[in-house]
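> Sequence order for the protein chains is C and P.
Heads up, the final residue of the first sequence is numbered 687 in this note's numbering, and it's a clean run with no missing numbers.
Heads up, the final residue of the second sequence is numbered 1309 in this note's numbering, and it's a clean run with no missing numbers.
Honestly, the hints are just simulated from the structure, not real lab data.
Mixed in with the good hints, there may be bad ones.
What the hints assert, rightly or not - List of simulated lysine-lysine pairs, BS3-like, C-alpha gap at most 30 Å:
id, chain 1, residue 1, chain 2, residue 2
1, C, Lys-608, P, Lys-1304
2, C, Lys-213, P, Lys-1255
3, C, Lys-608, P, Lys-1186
4, C, Lys-213, P, Lys-1159
5, C, Lys-213, C, Lys-608
6, P, Lys-788, C, Lys-213
7, P, Lys-1255, C, Lys-471
8, P, Lys-1159, C, Lys-562
9, P, Lys-745, C, Lys-675
What the hints assert, rightly or not - If you want the footprint, here are the derived chain C segments under chain P, 3+ residues with CB under 8 Å:
id, stretch
10, 72 to 80
11, 298 to 307
12, 336 to 343
13, 597 to 607
14, 646 to 657
Treat the numbers as computed from the prediction; the structure is a model and nothing was measured.
Yeah, the Cβ is synthetic: ideal placement off N, Cα and C, and Gly gets one too.
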Amino acid sequence: MSRTSTRLFDSRVLVDAMVGSLQKLDPRVQLRNPVMFAVYLGSVLTTILWINSLVTKSTESPWFILGIAVWLWFTVLFANFAEAIAEGHGKAQAASLKKSRTSVVAKRLKSRSGKQTEEVSAADLKVDDVVIVVAGETIPADGEVIEGVASVDESAITGESAPVVRESGGDRSSVTGGTRVISDWLIIQVKTLPGQSFLDRMIAMVEGAKRQKTPNEIALAILLASLTLIFLLVVGTLLPFSLFSVAISGQGYPISLTVLVALFVCLAPTTIGALLSTIGIAGMNRLSQANVLAFSGRAVEAAGDVDVLLLDKTGTITLGNRQATSFIPAMGVKDQDLAEAAHLASMADETAEGRSIAVLAKVQFGLRGLELESIIPNFVPFSARTRMSGVTIDGIEIRKGAAEAVETHVRSLGGVMPEDVRATVTRIARSGGTPLVVSRNAEVLGAIELKDIVKGGIKERFAELRQMGIKTVMITGDNPLTAAAIAAEAGVDDFLAEATPEAKLAMIREYQNGGRLVAMTGDGTNDAPALAQADVAVAMNSGTQAAKEAGNMVDLDSNPTKLIEIVNIGKQLLMTRGSLTTFSIANDVAKYFAILPAAFAATYPSLKALDLMHLASPSSAILSAVIFNALIIIALVPLALKGVAYRPVGAAQLLLNNLLIYGLGGLLVPFIGIKAIDLLLSSTGLF
Amino acid sequence: MLMRRVDLGLDNDSCTCFDGALGNLSWDSPNDAGEVLMNTNNIFQIVLFLGVLLVFVKPLGAYMARVYSGSAFFANRFLGPIERLVYRISGIDSQAEMTWKLYSMAVLCLSLVSFLAVYLIQQFQGFLPLNPDGFSAVPHDLAINTAISFMTNTNWQGYGGESTMSYLTQMLALTVQNFVSAAVGMAVLISLVRGFTRRTANTIGNFWVDFTRGTIYILLPLSSVLALALASQGVVQTFSPPQIVPLLEPLVDADGKPVTTQAISVGPAASQIAIKQLGTNGGGFFNANSAHPLENPTPLSNFLQLLAIVLIPAALCYTFGDMIGDRRQGWALLAAMGVIFVPLLVCVTMAEQQGNPSFGEMEIDQTASAIQSGGNMEGKETRFGIVNSAMWAVTTTAASNGSVNSMHDSYTPLGGLIPIWLMQLGEVIFGGVGSGLYGMVIFALIAVFIAGLMVGRTPEYLGKKIGAFEVKMAALAILLPCATVLVGTAFGVVTDAGKETIFNPGPHGFSEVLYAFSSAANNNGSAFAGLGANTLFYNGMLGLAMLIGRFGVLIPVLAIAGSLAAKKTVPVGPGTLPTHTPLFIVMLVAVVLVVGALSFFPALALGPIVEQLHQAKQGSGS
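Only chain P is shown next, with the shape it has when bound in the complex:
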């Protein structure tokens, strides 16, 4: 209904910024329009989504634990020969162990190769096959930005897929990186697990083995199944060139010539979409991402993709508990994520269901009924409605999946604030595959450190004492993304190069820059739109932010893994602070939220908060 264009993207012009009141939000009291904000449909869809997700956590989590511990399992019989073949071809000794420094070097080397591959393929796509549109080389700054983006599991897109990248680039450069960057994140998490389980050891496993296993046994099978399921729903999977179809209503172009046909972009999308969601990547095949009807055609495809986004990050919590030998610890981390996730999800749904005050003045019907979902539908797809758009926005920004099925720029200020904040929390509420959980463990270390001091004992987590080195590395891992967001945004709003492409006036323009840097520095990739990001300035700055966000966390985590592995394990005693109890979960949640709130409250106050208050004031005044 209100989806004005299919081709919504970063490099497009702005969406309308609206004015109006977003007054008192309440759970069940009807708003001005006499509408219940959390209606039965909303509640049902949220409960269904969370319920199905929880069902998968244990089986998938247990399976992944077996994959990484190298024990025999079902898939091993079929895929084992492939794994061994990979080692033989690449000359990997699967028994060789690595120190954390060697492990880091392996990650960095692979990332460098990934970067070069993605960059070069973009540069030479004009000479390579599978280029039906005949796209030429991608501009250097954009190509570098994109290469960093896909290498770091960010999938920030400064380009429009169907108008920039050949099929080969989409498949060989981008889809491959969707697998690689995800498998790297999981491997790093597993090495951190080994840090906890090993005693007085120098090594934390073999990166190549962890990387290969994650790809072959987890990512490939899951994405194959999902790709087929999505194709069944109508997601395209073809090498055909764009389809030319006659327009129902002929148009006249700028030169006054009549236009009678339109080209509909197609391509090998399903195979890329599956891993884009499962690997918390988020880079769309088409510019409109998951709002595009050929990328996400039906409510079922939407549900499957939504599930795929948080499936592995949630299940990895179970894997974590399983591998360290105390499943309660894994459940506790998942619970901490849930405690933050669910209220914020409800909040965004209510904020959007409340509707857009400007539409009220235009006499647009925003009430929920049998034929429409009601609420603020600007920038949202009618086939998804309010709750599926809100769930998508919250889920993709909680998990570091940059895909969108609605335009966050058009959300109410409060509805837009929460996605920004979720990214600023460091992408630890589910977060990226592997990276979300290792980020959460970093927060757990800080929580344990403060809590441990408060009970009068040298802090220990999962049997390992937390010393100065761990605190230093954990602080670094938290500090670097925060600093990058703040400093990057500061550059964006003071330099002319940064200000030039801010399309919206007022605090909303500030939010757009803040959103871009929050997204890049936390490796999310989600875009607020309304900001012209395909400029030399933003390609460069955001590229740098993505690098810091990825390796500024990943390397300290590996250092912690190495340091923990070298320590003795302290047996649990009556003086040990339990880290699986509701009390500790509350403590952990408090640390995550307080660090996030204290770091970003001033910035948020000058963006979405002031916008919200401004509208509330106007609303009550009018």
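Isolated chain C, as found in the complex:
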């Protein structure tokens, strides 16, 4: 979905935004933003003043008043336009999502066990209804697979065209309404009511319909409203001040309402006020472009503050399951013998670990299943009691399992565990691997090393997080020894070994009580409590429904290191607001120097000394400031949409950079801008 609309200024979006900016002139819409509402009222007032100047005689030229009125309306329109364009991006995404929500007919099973189905509209499905979906059909609602395996095309949600496998049980059992089954069939238990499905929430989200103001945004809005109030007072009291000044100096005339309104609009933090909601919407858009769905803006903002990140080891830091990496035979045993025995013992072992042993035997020694066809094996499956599995062929007992289990088994047959194998086992465990020992009757043949493979590039990602000031903690069910070795290899800061759901929850609470903000990524049902407790909880889209419900964001790519991008977006969101606020306030200095000497030119000619820009005339000076104030909003729309770039260089350096660019820049730019506009205006000869 998102990959189709990454361009900032699509022509369709632009046209829609222009229409939208006119629609937003509705005062009820304007009332939501106090800063812009004040500008709106100013526009109305100057328009009335202009009409008044046409019918009655006034000291000011109607052309001047008209100029101010028109540019104040532009200021309002530009703010509307910025917001509309950000919303437009979201709407484009929502439109493509809505296509997959076209009415679907569901085949509901009449009884749980029976095969009889009835056709109902997807909208009439209730929670816990059971439906069957076969190849070529669209899944009618979010649910849990209770029977069957099928490949599903989830591109409508994830934008990823490669189909994914969904099956009952385990962590791949959740399906999303609106996705399509492309092979086989699934029996699904419905988990959400129509209208509240994942897709519905996603559409609402990207459309911005459910956008709520985030805590920092509220705080900033209060600050901006207070500034607006101060400037309203400054400008409001300027009228009596000017009346008094005219009276005592005996020359000039009191400052006009038009100039007062112009001064007020220039001083009020209109730049940030106009772009505030744009920044928020654009931030959410950027997030969905990164294929992350946030269900609350609060969580996105919180992502910028994250101190601790908890990551599941398996699938996040390491590649899926452990894999056999080497055979280490006991003294006097040929490695080929060990490999052969290990291979035989793993033949019936369908776990990923078992398969990886067979693969390794094949790769290293060319062993194949074919050679064993003639024999009638008697497989011994893994049991939790014996903690071994294996095969008995012609009375030869081949076993593989944990070192202690095999030792007990061998000892019962009168054998012993050779010292060198024991040493190997310890070495493997210490290096973070998992040792398995293989025996043939009473003889120990050697050990197999199973290792977690740390994902490529993950260490660099953790280093990046550290630079951002985020501590990474690996969570694993492994014993502390193994965990420590993997933690060291992956470069995480800390680990929690032998983790149970309770231990995870306790750990998060402990960090939170210490005042830290915790982020967590997870996919399994047993992650759900911890996800619910974490401040920022990113569930993998491939994960279970429970995990997705518990999280406040869903990563459609199921990429656990996506959190780095989320943090970036969260930080950008705040930085853009802060930087534009600074810029907006810094702008005021130049505007004072433009407007004040002009406003009091007749009363106090000596104030001309404050006209640092040497502007052409009082009316040109005031109009230039108003025009600059309006144009800067449009000029900053791309920045509001893209966000201020974040680099992990430390808080002090970031502040210095942004102060120089937006503080100092904000001080200087309007001097240049207003002067340039003044030159243009005066060249027309009208002012």
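Guided by the hints, dock chain P onto chain C, whose structure is given.
Showing chain P alone in chain C's frame:
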């Protein structure tokens, strides 16, 4: 030399407004008169003052931190029984904790009692003892204005001390309030400190305990020592009635009768002057305030008083750092104050040393020499000269101490602009005892908020996250005094009641009204003179301004204290914005100055700035 009258005060007529050039100010290039503006004497006195002040910051700051944290210390052994006696008599449970709302109620109750006490004593002074001049009740509007003024630590004086108040009123009403209002300011600051140090707590301490400790362990001992030192310099301390002395040169009064004697006012002054300076109060015993020879007789008494004005506000920065467990934070706040204070001090000194252009035309010698300080000496005392007058003007308006030792009305436009602006900055450059620092912390919250956003993190200050509530309260605390100054001045210059008593023509008259409201709404109390402020209009309006300036800041601060105390403390990490670095100090200074400049630039432009430019233009034209 040019001090024309001892009895200079608010209700007096105007000082002369002068015309002339104040051209290019420069550091060392001689002015028209061939004079160096920052001469060795000026530099030496400023450096000496700042140096001695800095020496006291750490020991006094550390001592105050121990006082308020209740740990054992030297003075506790002697004064501890008094503290416990106070609690026993007044039935205070010193262990009881208060929520911010309860704390605010306690402050408000005490303030109400203070107001009534000061008002009633003024009303009944005619029937009370220690009234050698036989003064009768103070008029209602003036009495109310004065009661508010002393309760709010403003010490705006619409009256002349020696001609209105009995000794008992001076001692029991005014001096007592000098202690009380100062101790309240410090207590509120300490409760704000607790807001930062406590974690997920509902309470911010016990107001009565903070108030009692501040009075007994800090204000009383310091003012006792200072009062004795001042008395040694000749500040009067007596219950004797005014002294009648023969005039050297007999006069004739309006009715043509010969006048051969004059009455010199005396009274229990030293004890009041000490706390007037230490508590950043500023209300003079005599109408001429610290320009009066019996209130501030010698250069040494002047130096001691100057030091006393900023001593506690500066040292409280150290106390703040000490109590929150990171002294660098306290030094950073003090540095931010210094960064604004020193350049403005130098600026006023230079502006005054430059001299008064009108005097040049009158052929008055304004050059500095061994026998005179030179410069614009109108309205200044010869025993203080330029630099001690300028230091006093800047120090008293930076700290919210309303005392004067020269008449600000007679300053050059630029020299007068800076004191007005310092007050308009919200009295946070040192400011009032306690109130200055809590005001500065409010600005720090705003600075942290904007800076925090700029580094992409929810803003936090000293481990506490700054949320919408804190921003709302901080904005209120900054907005209310600003609004009061602007709206009050607007009323002053449009209503007939306001305009009637503006004695000076032109923009200078505007400056006078602006100065009065800036002073009242920021609880300074300093007066520009040249404005007849003892009228029903000004007594009422300025009284209201003082109330808003005091409680419109104090209550939001307590609310912030309560809200912060309830929050968790965020540990410092690599993503945390450090708030003790030069960069943050610059940011804080910028926020203070920008808010002050943006709010008051138009008003200042129509007053002192236009006056300055007008003169510069005339000067260059002539």
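> Please go over all the hints and tell whether each is borne out by the structure.
We went through each hint and held it up to the structure:
1. C:Lys-608 - P:Lys-1304: With a Cα-Cα distance of about 11 Å, the restraint between Lys-608 (chain C) and Lys-1304 (chain P) holds, given a limit of 30 Å.
2. C:Lys-213 - P:Lys-1255: holds, 23 Å
3. C:Lys-608 - P:Lys-1186: holds, 27 Å
4. C:Lys-213 - P:Lys-1159: holds, 16 Å
5. C:Lys-213 - C:Lys-608: violated, 44 Å
6. P:Lys-788 - C:Lys-213: holds, 29 Å
7. P:Lys-1255 - C:Lys-471: holds, 19 Å
8. P:Lys-1159 - C:Lys-562: violated, 35 Å
9. P:Lys-745 - C:Lys-675: violated, 51 Å
10. 72 to 80: violated (count 0)
11. 298 to 307: Holds: 5 residues of the stretch 298 to 307 of chain C have a Cβ under 8 Å from chain P.
12. 336 to 343: violated (count 0)
13. 597 to 607: Held - the stretch 597 to 607 of chain C has 4 residues with a Cβ nearer than 8 Å to chain P, which meets the minimum of three.
14. 646 to 657: Check passed, 7 qualifying residues.
In this structure, the hints that do not hold are numbers 5, 8, 9, 10 and 12, in rising order.
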